[in-house]
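Protein chains in written order, with this note's numbering: chain A, 16 to 220; chain B, 53 to 283.
Careful: at least some of the hints might be erroneous.
Cut-off 27 Å, straight-line C-alpha distance, at most; resulting in silico cross-link-like pairs (DSSO-like, lysine-lysine) [said to hold, decoys possible]: (1) K91(A) / K183(B); (2) K270(B) / K64(A); (3) K109(A) / K166(B); (4) K122(A) / K185(B); (5) K94(B) / K116(A); (6) K94(B) / K109(A).
Hints in this document: simulated from the structure, not taken from any laboratory.
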Amino acid sequence: MLTVDIQKTLTHFELNVDFTVSKDEIIVLFGPSGSGKTTILNCIVGLTKATSGFIQLNNRTLFDAKKVNLPIQQRKIGYLFQDYALFPHLSVWKNIAYGMKTESFAKQLMKELRIDHLADQFPNAISGGEKQRVAIARALATEPDLLLLDEPFSALDDATRERSHEELMRLHKLWEIPVILVTHSHAEAEKLGSRILYLDEGTIR
Amino acid sequence: MSDVNLSPLWLSFQTAAIATVIVFIVGVLLARFLARNEFYGKSIIEAILLLPLVLPPTVVGFGLLYVFGKNGFLGRFLLDYFDFQVVFSWYAVIIAAVVVSFPLMYQSAAAAFKNYDPNIENAAYTMGASKWKVFWTISFPLAWPGLLAGLVLSFARALGEFGATLMLAGYIPNVTDTIPLAIYFAVESGNMEMATFWVVIIVALGFSAILWLNWWSKRNMMRYAERRKSK
Numbered sequence: 016m017l018t019v020d021i022q023k024t025l026t027h028f029e030l031n032v033d034f035t036v037s038k039d040e041i042i043v044l045f046g047p048s049g050s051g052k053t054t055i056l057n058c059i060v061g062l063t064k065a066t067s068g069f070i071q072l073n074n075r076t077l078f079d080a081k082k083v084n085l086p087i088q089q090r091k092i093g094y095l096f097q098d099y100a101l102f103p104h105l106s107v108w109k110n111i112a113y114g115m116k117t118e119s120f121a122k123q124l125m126k127e128l129r130i131d132h133l134a135d136q137f138p139n140a141i142s143g144g145e146k147q148r149v150a151i152a153r154a155l156a157t158e159p160d161l162l163l164l165d166e167p168f169s170a171l172d173d174a175t176r177e178r179s180h181e182e183l184m185r186l187h188k189l190w191e192i193p194v195i196l197v198t199h200s201h202a203e204a205e206k207l208g209s210r211i212l213y214l215d216e217g218t219i220r
Numbered sequence: 053m054s055d056v057n058l059s060p061l062w063l064s065f066q067t068a069a070i071a072t073v074i075v076f077i078v079g080v081l082l083a084r085f086l087a088r089n090e091f092y093g094k095s096i097i098e099a100i101l102l103l104p105l106v107l108p109p110t111v112v113g114f115g116l117l118y119v120f121g122k123n124g125f126l127g128r129f130l131l132d133y134f135d136f137q138v139v140f141s142w143y144a145v146i147i148a149a150v151v152v153s154f155p156l157m158y159q160s161a162a163a164a165f166k167n168y169d170p171n172i173e174n175a176a177y178t179m180g181a182s183k184w185k186v187f188w189t190i191s192f193p194l195a196w197p198g199l200l201a202g203l204v205l206s207f208a209r210a211l212g213e214f215g216a217t218l219m220l221a222g223y224i225p226n227v228t229d230t231i232p233l234a235i236y237f238a239v240e241s242g243n244m245e246m247a248t249f250w251v252v253i254i255v256a257l258g259f260s261a262i263l264w265l266n267w268w269s270k271r272n273m274m275r276y277a278e279r280r281k282s283k
């Protein structure tokens, strides 16, 4: 269970959001560019700091403006960046092994995501859809308590995107952890979201 | 030419190598820090770091004399409390080389750290990696082509340093006579043969450094090209 109640002053508006995500939910953050979606993810993961408020994950306080600001490394959050941010100088296996908890679980994930045959390849030699699956495997291999996905499907072609949607829903059923998905696409939001939070200039409508 | 004194060659290599090691460590850490942190006055600090690149070496030498000279604030302190004189010493050659070659290292390193997506480092942090682990396993290897280019450039610059060295270290045979100083004083005393000998050596060194550098940067530009194309 994730509880977020944060405020942050941005250049053009005040970000002010308050929501919860339970472990059987995929919450979609939906809204136009520059409405504060990525900023919310960055606050949750610890890349930026909110001005006030608090963030709690499974009874752990990640952030409390008054006293707590847990370092990124200790938050146990998997983050899928928009362009996947794979380590270009490391093989697919080394990417996934970088933060893995156990080797057997990492290998199981690779099988599950059909990327086990790519273990020795480098990120520049695999397709967009494969990169995305490697990034998901890499994030899940750390056995996070929460998964954040920042427009993970925007760079994929239609067919691959369809398949990735199915895969995400299947994975979510398998490893029940709260998921927050940021997207521009209304169809995607409708299809994947247990709930949709419409974001406009920093507030949920 | 058989009785040529090779001391300038060894001295130049020795001082340039030590200066390059210092410049590399400080330059890389500073560039990484400044590339990932925004704060008030950062541009001014960066401008000061790059200043020796555009100033005449004599001005740099003058500044160093002001600091390390017998009446300079640091020079006075070292002389009074440690009985240690910087000017006209081997250390002065290194200090001059460090100051003039630092901007080249810094510039290459700063560009190298800005050349890849910072989210690659952020991804590693989310996976629980410490700052040092991220630096050694992600930042350093990804920036390495640029860092090595900076290393070679600053070594070549340190090897060729003349103006600031002359002002701070003077020309003392076997102590501060680097190749560029040896050339100048050989010409001064009309020993053209000796001057030509050193000129050929330093041109050959500089030429090979640049030749290698071009080859290296061309090779490394292609390294992650596919990744960029697909973005």
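How the hints compare with the structure:
1. At most 27 Å may separate the alpha-carbon atoms for a hinted pair to count; K91(A) and K183(B) meet this at roughly 16 Å.
2. A hinted pair counts as satisfied when its Cα atoms are at most 27 Å apart, and K270(B) with K64(A) does not qualify at roughly 40 Å.
3. Distance hint between K109(A) and K166(B) is fulfilled; the C-alpha atoms sit about 23 Å from each other, no more than 27 Å.
4. Straight-line distance between C-alpha atoms of K122(A) and K185(B) comes to about 23 Å, which keeps the hinted pair within the 27 Å bound.
5. For a cut-off of 27 Å, the pair hint linking K94(B) to K116(A) is broken: about 39 Å separates their Cα positions.
6. Between K94(B) and K109(A) the alpha-carbon distance is near 36 Å, which puts this suggested pair outside the 27 Å criterion.
Going down the numbered hints, you'll see the structure goes against 2, 5 and 6, while the others check out.
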